[in-house]
Each structure stands twice: as C-alpha cells, then as structure tokens.
Amino acid sequence: MKQTYAAVNLAHAIRVLGDVHAEGDDRENAARVIQVLLLRAHPTEADLADIIRALSRALGVHLAIRRVLGELQRLRSAEVEKVARSLEHLVVHALQEGHDDALYQLVLITLEEPAWASRIRDECGKAVLVAVIERLPGSKYPVALLVGGWLCARGDVPEWMRELVENRPHLITSSVLPPATRWQLHRASPSVAGWRSLADLRGEKPVLEASSFGPGLDVAVDILQQAVGETPDEARKSVLGRWLHELTGSVP
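First residue of the sequence shown: 1, per the working numbering; consecutive thereafter.
Read the hints as simulated data drawn from the structure, not as lab findings.
All clues stand as given, with none of them false.
Straight-line alpha carbon distances no greater than 25 Å define the calculated DSS-like cross-link-like pairs of lysine-lysine that follow:
#	residue 1	residue 2
1	K205	K140
2	K237	K205
3	K126	K140
Computed from a predicted model, the values in this text were never measured in an experiment.
The task is simple: from the sequences and hints, build the whole structure.
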C-alpha cells in the first residue's frame, strides 16, 4: 500500500533523529517534524517502537523528548499504552547513561500521563530528584514539579522519598515546596524543625486530624511535644500547642 506524504516524512524524521552522526540542528528539526506529523501520519506499532529507539539515541538533543513524547500523549489511549513498556526502558537507559537533564524531562512527562506514570521505577525517581535537589537554590521549580508530580501520580509518599526528606529537612523547612506539599511530606516524616517551620507559615493554620498521620501518629505526636517544649517563641508555641491538642485532646 502506498504511504501517505505524512507517513513518508515521519519515517525520514525518525531516522534523522536517531542518527548520532547527523548535525544537531538537523536532529532538532527532525523532532519538530515528528511533533507536527505524528497525528496526521497515523503511526503503526512499528513506527512507535522506532520513535522510542530514536529517542534513546537522542537524549542530548534539545527539546526532543518534550516535543516527541508530548505529541505521543495526544494519540489514542490504546497507542499511548503500547509505548509504556518501551518508555520505561528509555527512562532506565537515561539513568544508566548519566543523562540527568534527559532523565528529568522523561520523568516529568511520564508523570503527566497516567498510562505511563506507574512505569517509573523508584530508583529513577529518586536519582532525578537527588540531582535537582543538589542544584538548589537555583532549581526550586524543578524540585517542586518532581515532588508534586510524583505525589499526585502515586497518591502517597514512597519510602525512598521519606528517607530523602529525613536526610534533607530543608525540603520542609524552606520555601522550595508549596505549603500543601510540605505538609504531605511532613506527615510522612515529621521532625521538630518541620513542626516549627510549618507553624511559621503565613495565613490561616490548618486544623489537624489524627487520621491524616496514619500509623505514624504516635511518632508525630512525640516529636510535636518535643517541639512545643523546645520552642521559646510564644506565638509559634501557641500554634504548636493547638495542634497538639487537636491530635491528642491534651493541653501542653
């Protein structure tokens, strides 16, 4: 069967994108062509596999991941699901090759797509988050996107992220993350410094429910009691005391 104009040019663009000997500008243009033609070309399963293989050779090509995978997300749900496993391997490949920027883009865009988000391995999420945290204070936005995106996609704080917060308490005590995200991390990994910093947030202080701390309630309460006892500032101490009363019914 004769191929359409879109299909022919899509195939050519895929070849150029995956050609490690091609000029950088040509590969960037190839990514743009794929972005433009993908929906029109009605790609086959083989085309989709070729695109992922080309991306694996183009991790350093500017905006290629965002352009191509962003367009792949617009395909029919069945086609989106077909590339999930290949995309999982692509993320692992970026990690193994040490392409931090590519890994960041891959994890972000896979978190945006429900059919892909569950395929991100913990070691990949942890590696990219550690990499962007090490760039602080200049990478606040990437840190917020990754943490918020992971929590939204997975629904809770994974063990590796809890350990990360324990070793890097500034994720809760600084303004790197929005208040709601800081609270979510703090519930999973409470600390004296975390209680104090959350008490200092501007605006109305939340009413705390014991159930929101789950099985870690006793630990959270013990640490909160310690924070109350070690806090000389009366305004902050008042907020901490109110929270302690809400969680236990007792008055400090």
